Amino acid sequence: MEPINGLGDKVLCQVCIVVDDADKFAKRYSEIFGVPIPEAHVTDGFSETQATYYGKPTEAKARIYHWHFGSVGVELLQPLGPGSVWQDWLDEHGPSVHHVAFRVKDTEGVAKEFARFGYPVTQQGFFTGRFDNGGHTGVYTYLDTIKDLGTTFELLENYDPKAEPR
Amino acid sequence: MNAPILKPEALCQVGFVVHDVEATAKKYAAAFGLPMPKIIETPGYEKAKTIVDGKPSEATAKLAFFQTGQLVVELIQPNKEPSAWRNHLDEHGEGVHHIAFRVPDTKATEAALVKEGIKTDQQGLFVDGSGMYTYLDSAPQLGVVIELLETFKR
Numbered sequence: 001m002e003p004i005n006g007l008g009d010k011v012l013c014q015v016c017i018v019v020d021d022a023d024k025f026a027k028r029y030s031e032i033f034g035v036p037i038p039e040a041h042v043t044d045g046f047s048e049t050q051a052t053y054y055g056k057p058t059e060a061k062a063r064i065y066h067w068h069f070g071s072v073g074v075e076l077l078q079p080l081g082p083g084s085v086w087q088d089w090l091d092e093h094g095p096s097v098h099h100v101a102f103r104v105k106d107t108e109g110v111a112k113e114f115a116r117f118g119y120p121v122t123q124q125g126f127f128t129g130r131f132d133n134g135g136h137t138g139v140y141t142y143l144d145t146i147k148d149l150g151t152t153f154e155l156l157e158n159y160d161p162k163a164e165p166r
Numbered sequence: 167m168n169a170p171i172l173k174p175e176a177l178c179q180v181g182f183v184v185h186d187v188e189a190t191a192k193k194y195a196a197a198f199g200l201p202m203p204k205i206i207e208t209p210g211y212e213k214a215k216t217i218v219d220g221k222p223s224e225a226t227a228k229l230a231f232f233q234t235g236q237l238v239v240e241l242i243q244p245n246k247e248p249s250a251w252r253n254h255l256d257e258h259g260e261g262v263h264h265i266a267f268r269v270p271d272t273k274a275t276e277a278a279l280v281k282e283g284i285k286t287d288q289q290g291l292f293v294d295g296s297g298m299y300t301y302l303d304s305a306p307q308l309g310v311v312i313e314l315l316e317t318f319k320r
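Keeping their order, the protein sequence lines are chains G and E.
Just so we're aligned, residue 1 is where the first sequence starts under my numbering, counting upward by one.
Just so we're aligned, residue 167 is where the second sequence starts under my numbering, counting upward by one.
Just so you know, these hints were derived from the structure itself, not from any lab.
Certain hints may be false.
Here are the simulated lysine-lysine pairs, DSS-like style, with alpha carbons at most 27 Å apart [said to hold, decoys possible]:
1. E:Lys228 with E:Lys246
2. E:Lys193 with G:Lys112
3. G:Lys147 with E:Lys204
4. G:Lys10 with E:Lys228
So the derived list for chain G, only partly shown, Cβ under 10 Å to chain E, looks like this [said to hold, decoys possible]:
5. Asp9
6. Val11
7. Ile17
8. Arg28
9. Ile64
10. Ser71
11. Glu92
12. Val100
13. Phe102
14. Ile146
A quick note: this is a predicted structure, and the numbers were derived from the prediction, not measured.
We treat Cβ as the ideally placed atom computed from N, Cα and C, and that holds for glycine.
Please take these sequences and the hints and turn them into a complete structure.
Set out below in structure tokens:
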């Protein structure tokens, strides 16, 4: 079978750790890695993100801290409320790595490629925050890869190529 | 803010424990169009000097590596002996076990981390003896096991 198309140079750009208390963990990251604690990013509900969880609308939000460790994003994510793959993972495993991410330019096309391999979308939503013209800034997509590949793979698409990568 | 004990930009690897390294490596190679890597088997205590929870150990593993930019994906199939890998696989099943950082001086880093309440769980030499790895009990504080990787100066 032909490999998944649309992953470019196949560079992993992010590692995300789900936690039960983002503030507490962020403090420890700051102390061990000597990095400032950034402002926490709290994602919006369905009206802004249009987020879906196994195909159904979800209000699930998250409290997020993000750093650049070299060229790799390190994300601490605390799920806020049920109805997300983040909360499912946290409930089952406790604080631990939830996903790694690829940056893509054509989420729909790449998601179809993953589906061709038997890895459908589990959760998807627009980034929180809008451009001045009211447009969405990007979209994230989680794929059901755990069973075969040992973790969830995420697709990150930034709609503004000039924007700072998340 | 403190000086970093671990340099953020030294992040270099994400390590997975799996039941069958060859089968999982084949899936990675097929899905992402990557060349199938050579499977490496780590040696026992005599060569690797593996220490688990402070004691010499015959824990070994079969390893496969994929380069994906700054991060290397490491797939690890542990043998049955108790180890950081085996314990994680038995407790959580297949999944991410650690993220790794390059360090110039393992002992100095360990000493600084002990003061932060983070201790060593497992340690050993690289397959070819060119360096050493160290797993830390950092999961309660950082949400993930940290591995230190030191390549010895020649």
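Results for each hint:
no., hint, result
1, E:Lys228 with E:Lys246, "holds, 12 Å"
2, E:Lys193 with G:Lys112, "holds, 18 Å"
3, G:Lys147 with E:Lys204, "holds, 22 Å"
4, G:Lys10 with E:Lys228, "holds, 24 Å"
5, Asp9, "holds, 7 Å"
6, Val11, "holds, 3 Å"
7, Ile17, "holds, 4 Å"
8, Arg28, "holds, 5 Å"
9, Ile64, "violated, 13 Å"
10, Ser71, "holds, 5 Å"
11, Glu92, "holds, 9 Å"
12, Val100, "holds, 6 Å"
13, Phe102, "holds, 9 Å"
14, Ile146, "holds, 7 Å"
Violated hints amount to a single one, hint 9; each of the other numbered hints is respected by the structure.
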